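Protein chains in written order, with the numbering used here: chain A, 1 to 272; chain B, 1 to 256.
Each hint should be verified, as a subset may be incorrect.
To give an idea of the chain B side of the interface with chain A (calculated C-beta under 7 Å), a few residues [said to hold, decoys possible]:
#  : residue
1  : 51
2  : 53
3  : 76
4  : 77
5  : 87
6  : 95
7  : 100
8  : 103
9  : 104
10 : 130
11 : 133
12 : 213
Listed below are several chain B residues computed to face chain A (Cβ distance under 8 Å; list not exhaustive) [claimed, not checked]:
#  : residue
13 : 52
14 : 81
15 : 88
16 : 92
17 : 106
None of these hints come from the bench; they were simulated from the model. Fair warning: this is a prediction, and the values are worked out from it, not measured in the lab. Even for Gly, the Cβ is constructed at its ideal location relative to N, Cα and C.
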Amino acid sequence: MTYAATDVATSSSLTDIPIDISVMIVRGMRRSLRDPEAFITALMLPVILMLLFVYVFGGAFAAEGGGRYAQYVVPGLIVLCAGQGAGTTAVAIATDMSSGIVDRFRSMPIASSSVLAGHIVASLARNLLATALVIGAGLAVGWRPSAGPAQWIAAAGLIVAFIFAMSWLATAVGLLAGSPEAANSATFAIWFLPYLSTAFVPAGTMTRVLRPIAANQPFTPIIEALRGLWMGHTSTGASTGHEALLAVIYCVAIAGLSAVAASYLFRHRAAA
Amino acid sequence: MSYTVRARGIRKAFGGKQVLDGVDLAVPANSVFALLGPNGAGKTTLIRILATLTRPDSGTATVNAHDLHSDPRGVRRSISLAGQYAAVDQILTGRENLVMMGRLLRLSRQAARHRADELLEDFGLADAADTRVKAYSGGMRRRLDLAVSMVVRPPLLFLDEPTTGLDPRSRQQLWCVVKGLADAGVTVLLTTQYLEEADRLASTVAVLHHGRIVAEGTPAELKSRADGASLDDVFFALTESDADANADFSFRGAIR
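If we strip away everything but chain B, and leave its shape as in the complex, we get (with noise of 0.2 Å):
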């Protein structure tokens, strides 16, 4: 099997706190990939290493084929980042932040704006086009930072959190945007907290906890640890420990 992602080792600490405590991860080629864990599991700062936008303390990894350390032009050749923070210019309107992508992209001017026509169709937002991206919903910016992240279409898509704070309406939306990259052959890693986002969308779920992937398997596998209970009881049953019962009840809180 081919691995669009390998990563051997990684640990980062901030201020003195291990936030990851050596991650190993493989995520093979034309599949989505989920990286399930509560707040602070340190998953955000996992998907910022292999964007190479934090340097791990120490660890390897490569990301389609190419080294962080040493191609980490390469790397970002290969990726692109989209999620929670939705990454697009407020002041500017959805058409001048897809085009702006294209030019960076390399694309000619026509072809960017040829792109971002093409894209605003996909993405429904055809009707926003030329309307200040400020003045968007949650939904309609996550969307447009979907469509921005697919200007050129990257062989690995990060997804931080894709859905966190969205109703259930648009997280319905978004779902459908990604199963659709996903047919299309990108490869998917995306982190959530939502069991039931990594249950409907994942091949391969990976269950990040204190640093550390304490499970991985499919839905399905992880689900059959549990004697077939949900895959909310293996991920309590994973993630509960003394030391942070409190963080777990509010987790649970969260998602109910």
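One chain only, chain A, in its complex shape (with noise of 0.2 Å):
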């Protein structure tokens, strides 16, 4: 056997992170694609719910402005599937972790941040496909935004600012649960909390107790952001402008608070 080929590893310095960057993108990649379960279902999920909220629910939700009900819910189902996305990637991470490769990882002289990166990009990929989905089979039903090429830029950069932070909060949550069923569990607020938004009826048609919950949680600026954008209106009746606003913060403030606590915990949680 000839073990002795290569010799010990010269220092790597800063400018290698984006090899470790690189490297642990598409190692990223490649798990997501190698699930096909979870990628099936990521995929399946859009469509499905899409078809089941225009053509089961929609007759019966009053649609604002009268259209059809495919007017009012993309938004709505662009943020649900974000929640489900969440979900696989905080337990993608939490597989992860209790594994013994990222024991060998943090063992070796390379940027350890590098892992969390490629499980955020892997995440931003996955989701922002699924957002694709969302709308593709919004359009096949029937959608059909007012918006200009201008508002359309303004509602992906939204889009992808959006799913930047719900990353990190999965990423943050996956490192806090410790196993993969705990960290399943613990995703539940992210994909329940938009049925108490506006994403699938306006706020003012929920009962009193609901109702300020729903005008004022944090997805819903997302949701009315983006329907303002495409649809020229919010169902809040406040500006889109006023909604983009709260969303931008809303969104720095989860990816910054969740990439802190992530970091932290990364370096932190094995040691126990």
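Taking the hints as your guide, dock the two standalone chains into a single complex.
Pasting the structure below:
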């Protein structure tokens, strides 16, 4: 046997961090593509939900402005699918942490935070694909946004920011949970909360108790900003600009806090 | 004599339980050093500390002349970690695992691929190169784990219970591999609960019990202490106490 072919690695420096990150991104993408069950579920879900909400529930919901329900529900489904995607990300992180490979990465002279970067980028890719499917399915069932190019670009930017924030949040939850099972239950709030927002019905139609919750929870500004950009008006009566500003503040706050928490947890969690 | 690992007074408690209670360790360069002890003796904790994964409560150590506290990156450049919880990506193939590690250790894309081919051949995994690790047997997984540790040859290899849970045939194969590594000049610090393994592989054996090193020497020296009896007798004499009679009993059961 010839073990001695290669000598000790030369010292890595800051300029090598992009290599670490790109290796981890390739790893994250491969892992996503090779979990066919989760992947197909993630791809089918947007389409199934769209059909369900438009053709099964849609008739009963008096959509705002009298149009078909598809005109209302698209932003809500994007948020709902992102919540589902966050569950996948949290479970992926928790699974990774409970296997030995993260210990190996941490014992190597590499930027160990690149492990998280790999997960974040894979999560972004999965969720942007799911979002594209929601939009495609929406257009297929008769959604007709009035947005011009500028509004579409703003909506796309907002979606990327939102999914980025959700990915960091899911990463922090996955690290905190410790086991894949716990991570799965911990993301319950992320995918349940959209139901208590203006995702599916305007806040005004809810009972008095739920109304302020739906109007003020973090998912609502994102949903309403997208709705305003695409359809020209929000369901809350607030201006699109106001909702968009709130949405951006929420995204930055969630991403920032989650990233700090995730980095801390990643460095300290395995020490126990 | 030069030492690859020097540790002094390493202490670590988890939730009020003193897992390591002042461990001193000196691992000579180019040797195979076995840390022997029953389950729960603190072996894995000690390895994790020396591999910069866990912070000790107190104590100092140098690994390949790099200080654990002030130069953890230097330590990480000097070590490779393998063992019990085969640290490979199960969703990737054997080849992908090896190429990934090569890239992380700054081999060029081409060099990483080339090295992967060499190692797959060396570790008898060429036929399974493009199979996902999930489908590997336990023995194949451990061999891949070791191959991954050897992508870039480290001065020091930590092997945490390398053969726990393997069938006898896979264990023999793995022993051969470890011997080969030692012959190639890699210093190996291995933990084991199998006396036979320590006897076969190691030039020095230290017995860890209740977070302390209770005996140290060559296998022959330890045996002579018990009037030429087997290493088993030495081990049981050293590690038997009223407090954990039950634990020792089950441990005995496990290795018989």
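Here's how the hints hold up against the structure:
1. 51: holds (5 Å)
2. 53: This interface hint holds because 6 Å falls under the 7 Å limit.
3. 76: Holds, about 4 Å.
4. 77: Result: holds, 4 Å to nearest chain A Cβ.
5. 87: Given a least distance of 3 Å, the restraint on residue 87 of chain B holds.
6. 95: violated (12 Å)
7. 100: holds (6 Å)
8. 103: At 5 Å from the nearest chain A Cβ, residue 103 of chain B passes the 7 Å test, so the hint holds.
9. 104: Residue 104 of chain B check passes; min Cβ-Cβ to chain A is 5 Å, inside 7 Å.
10. 130: violated (13 Å)
11. 133: violated (10 Å)
12. 213: Nearest chain A Cβ about 23 Å off; hint violated.
13. 52: Since chain A brings a Cβ to about 6 Å from residue 52 of chain B, closer than 8 Å, the hint holds.
14. 81: At 5 Å from the nearest chain A Cβ, residue 81 of chain B passes the 8 Å test, so the hint holds.
15. 88: Where the cut-off is 8 Å and the nearest Cβ of chain A is about 6 Å from residue 88 of chain B, the hint holds.
16. 92: Given a least distance of 6 Å, the restraint on residue 92 of chain B holds.
17. 106: It holds, given that the least Cβ distance between residue 106 of chain B and chain A is near 5 Å, below 8 Å.
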